[in-house]
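**Q** Here is how the chains run, residue by residue.
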Amino acid sequence: MRHLARNLLSLTAGLIFGFGLALSGMLNPARVRGFLDIFGTWDPSLAFVLGGAVVISAIGYIISRRMESPVLDVAFHLPAKTSVDSHLVIGAATFGIGWGISGLCPGPAVASLSFGIPSTIAFTIAMVVGTFAHDRLFATGQPRQVLQ
Amino acid sequence: MQQTYLQSLTGGALIGLSAAVLLIFNGRIAGVSGIVAGAIEHASPERLSRVLFLAGLICGPLIYRLCFDAWPQINVTTTTGLMLFGGLLVGFGTRLGSGCTSGHGVCGLARLSPRSLTAVVVFLCTGILTVFVMRRFGFT
Numbered sequence: 001m002r003h004l005a006r007n008l009l010s011l012t013a014g015l016i017f018g019f020g021l022a023l024s025g026m027l028n029p030a031r032v033r034g035f036l037d038i039f040g041t042w043d044p045s046l047a048f049v050l051g052g053a054v055v056i057s058a059i060g061y062i063i064s065r066r067m068e069s070p071v072l073d074v075a076f077h078l079p080a081k082t083s084v085d086s087h088l089v090i091g092a093a094t095f096g097i098g099w100g101i102s103g104l105c106p107g108p109a110v111a112s113l114s115f116g117i118p119s120t121i122a123f124t125i126a127m128v129v130g131t132f133a134h135d136r137l138f139a140t141g142q143p144r145q146v147l148q
Numbered sequence: 149m150q151q152t153y154l155q156s157l158t159g160g161a162l163i164g165l166s167a168a169v170l171l172i173f174n175g176r177i178a179g180v181s182g183i184v185a186g187a188i189e190h191a192s193p194e195r196l197s198r199v200l201f202l203a204g205l206i207c208g209p210l211i212y213r214l215c216f217d218a219w220p221q222i223n224v225t226t227t228t229g230l231m232l233f234g235g236l237l238v239g240f241g242t243r244l245g246s247g248c249t250s251g252h253g254v255c256g257l258a259r260l261s262p263r264s265l266t267a268v269v270v271f272l273c274t275g276i277l278t279v280f281v282m283r284r285f286g287f288t
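Protein chains in written order, with the numbering used here: chain L, 1 to 148; chain S, 149 to 288.
Only chain S is shown next, with the shape it has when bound in the complex (with noise of 0.2 Å):
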């Protein structure tokens, strides 16, 4: 238990570290929507250092795996129609919202945007409330 919860403090920690870097250097937010639909609609100049960006993202796991010669648990808990439901909700709420857990999470916080923090509150709430109907009515 103490293991998991040092795990979970220092990846975290490097969540941060991640965001650190990309403000510092490049001087941009890590918010994973934004640079999702960066990478995929618009065509720019930095186009392809969001798709490097992801690219990082997607094998990053892959060196957890050299690390430590096994994967990271992966459980899902919902059927394969509501992950398609959830998706389409996640793409569309991060969009019309301005950012996810990372752009308004671990950025914003950071920053002490009210923006971030209302939309913070918000998701924890509307996310709390939603595995609590789950589970009262038997979807889990």
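Extracted from the complex, chain L is given alone in its bound form (with noise of 0.2 Å):
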């Protein structure tokens, strides 16, 4: 039954992230782009997708953090790992650079598969096998504590 809830509970939260990917224009990669582009025609409008979105995560992290558990789990599945190291410096750097070439990061890809763009399309499918081609070279025989 919890399993259940769960479930939907999740397609749940995937529909409202969605909607609000397509209201906030972040599924545009024209605008990602123009946001980006600090020392050119700068478009600051999406500054405010991070910062609307960071605003209420906050309340529900710290809503979260006075619960003994999960509304529906038995435990919080939170990443353990505080230390910077250089994977993640290298990772983001590589992440950041293919999101300023494309405009696009993993949500709007996802999200932006419903309009049936080829482009974008062609750009969800090559992150996949980015996604792949990482796991099996760094397969360490369980999987990595992740964020994302």
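One should not assume that every hint holds.
[Unchecked claim] Far from chain L, some chain S residues (derived; all Cβ distances over 10 Å):
no., residue
1, Pro209
2, Asp217
3, Phe285
[Stated by the list, open to error] Label pairs and their computed distance ranges (CB to CB):
no., chain 1, residue 1, chain 2, residue 2, range
4, S, Ser192, L, Gly40, 24 to 30 Å
5, L, Ala75, S, Thr227, 42 to 48 Å
6, S, Ile188, L, His77, 39 to 45 Å
7, S, Thr158, L, Phe138, 24 to 30 Å
8, L, Arg65, S, Ile211, 41 to 47 Å
9, S, Pro193, L, Gly116, 29 to 35 Å
10, L, Ile62, S, Ile211, 26 to 32 Å
11, S, Ser192, L, Ile125, 32 to 38 Å
12, S, Cys215, L, His3, 41 to 47 Å
13, L, Met1, S, Trp219, 33 to 39 Å
Everything labelled a hint here was simulated from the structure, so no lab data went into it. We treat Cβ as the ideally placed atom computed from N, Cα and C, and that holds for glycine.
Two independent chains are provided; combine them into the complex using the hints.
**A** This is the structure in structure tokens:
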């Protein structure tokens, strides 16, 4: 029963996320690249997306800290790692380059699949290939502790 | 212009709400790159819930279409070849760096995680630099 509730909640959270992305402008690669173009014709509007998201997400986190366990599970599944290492920095740098080239990050890439635009579908397929490539190269025998 | 900012803020708040709901109810981080990897790679009892999150993510813009009777605007400014290259870098980089804009940005910053703060600063810097270099050399 709890399992079903968790699944339904995931679906609902995904729907809210996808609707929010569509409303926010993050689905538009041209606007994302305009946001990153601080030395050119900078479009600061997307800073409001991250700002609004972090504030509400932080309220959720503060509420969760006062709970012993999540409503539908026995424990919170949060990343345990706290130290900054080379993987984190090199990975984030690589992601940023891909983000700057395309104007897409994983959330908008998946959400834009419903539009049926060939080049964003191509991006998403390449993203999955990159994901596989990493996990094959760095396979440790057990799933890595991940944040994302 | 004003409406654009308001829409961005409201859209962002909804993304934050999604992350908050997923954490409070399921105890999970709303990080899309990790959810994608978990959905396609690891056979686990939670796999279905990841697939359902992604299904919701894909269908979210359809609700926007129903509400506003228009598709959200999408303008791709790059060639398909560069989009493929960008996709590879995004897929590989988010896995190596344990997160993307949602996991490190929306969830990690909210938890004041030093790892996430580092990742966000780094990917914003390389993203900004990439756009600058591409514009400088006429790639846009």
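**Q** All hints are to be evaluated individually against the structure, with a verdict given for each.
**A** Structure-based check of each hint:
no., hint, verdict
1, Pro209, "violated, 4 Å"
2, Asp217, "holds, 13 Å"
3, Phe285, "holds, 12 Å"
4, S/Ser192 x L/Gly40: 24 to 30 Å, "violated, 44 Å"
5, L/Ala75 x S/Thr227: 42 to 48 Å, "holds, 46 Å"
6, S/Ile188 x L/His77: 39 to 45 Å, "violated, 19 Å"
7, S/Thr158 x L/Phe138: 24 to 30 Å, "violated, 38 Å"
8, L/Arg65 x S/Ile211: 41 to 47 Å, "violated, 31 Å"
9, S/Pro193 x L/Gly116: 29 to 35 Å, "holds, 32 Å"
10, L/Ile62 x S/Ile211: 26 to 32 Å, "holds, 28 Å"
11, S/Ser192 x L/Ile125: 32 to 38 Å, "violated, 23 Å"
12, S/Cys215 x L/His3: 41 to 47 Å, "violated, 31 Å"
13, L/Met1 x S/Trp219: 33 to 39 Å, "holds, 38 Å"
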